[in-house]
Amino acid sequence: MSKNENNAHRLDVPLNGVRGPKGAKKTPFEGDPRTLWRVNQYPSPFTLADVPTREKIGFKGKKDDGEEALAERSAMLADLQELMWAHVVAASEADQWEVAKAIAGRVPRRTPQEKARREELFSPEVETALNNLDRGPRILLVLQGMDASGKGGVVKQVVSSMDPMGIEVAGFGKPTPEEQREHYLERIIRRLPRPGLVGVFDRSHYEDVLVPSITGSESPEEIERRIEALILFERELVRLGFVIIKVKLLISQEEQLDRLVSRLDRKEKHWKYDPSDADARAEFDTYQELYSRVMEATDADHAPWHAIGADRKWYSRLAVQELLIAAFSDLKLRWPAADYDVEAERERLLKS
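Mapping to full-length UniProt numbering: the sequence shown position 67 is 67, numbers consecutive.
To be clear, the hints were calculated from the coordinates, so they are not data collected in a lab.
Be aware that a few hints might be false.
[Stated by the list, open to error] Subject to a maximum C-alpha distance of 27 Å in a straight line, what follows is the list of computed BS3-like cross-link-like pairs (lysine-lysine):
#	residue 1	residue 2
1	Lys62	Lys313
2	Lys313	Lys269
3	Lys174	Lys269
4	Lys313	Lys272
5	Lys332	Lys101
6	Lys26	Lys332
7	Lys156	Lys56
8	Lys313	Lys156
9	Lys26	Lys156
10	Lys60	Lys156
11	Lys101	Lys115
12	Lys272	Lys174
13	Lys63	Lys272
14	Lys156	Lys269
15	Lys267	Lys313
16	Lys156	Lys63
17	Lys63	Lys269
Let the hints inform the model, and build the full structure from the sequences given.
What follows is the structure, given as structure tokens:
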């Protein structure tokens, strides 16, 4: 068995008690989805210019094959999300401890030096908010990308296959006047998912680095402080039980132009267009350079960055779906055992 086949097998035998739909094929990608799109595989300094926007990395099929795989594996994703929720609400203390320990073990313990640095970079309100978060496993999918890169499509086609009661989607635009008076992480913490849920950030805490860098509203020194703060912030989230998946959907300027123009050509899509979209295109290369630097600085095994070519919408959706499946499987969850006599309850029900 080759290395690629082994990776596929590892992801497609019963995932912690959850199987995919009957007759489903194995994972559609050759290679481990945890590494196929990782930015750390590229030479340093990392540049998004090295990432192909149209190439189907790890996938040999055609569009029809990809869409078929996306539909087939959506049932597996839904079952895995249910498994995580069941673990949080019904798993034994021993099982909950084992999962929490495994997740927290992905990052180093907090050192006195880190604690001191947090006191410089975080506000007391941020520390309090973090300390008040419940502990427990949950997944945070961070989606970043230029306008029309397909973030909304990922939410509609991939995330929506899970139980909507188990999903929390948040988008982050320009801070309100009230938010501008706070530490920039406070509004992020308020939208973090609870244990057992999948949280999706359509744009994220990275906007508080990227946008000020472009507008010049913050000094280069402050930008560097914010990057360091995000590294420490994500470490703390993992210690609390978060599994973080960060995705940059990457499209070419030509593809972005086609998608933006199509919004103007269709009345029902006018609401999706904003005149600022044209302004942002003028800064396309600058944004890409900034993304590259920030992504390399904040990439870590416990909070990895994946750069996924998104000129083919179906391909980028399939890739994100596989990243989610892999993240769930890494939690090594088990269905909670019944704390009652199953047969006795069956008899009682049949007699009722």
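Identify every previously stated hint that the structure contradicts and give their numbers, smallest first. The structure breaks none of the hints.
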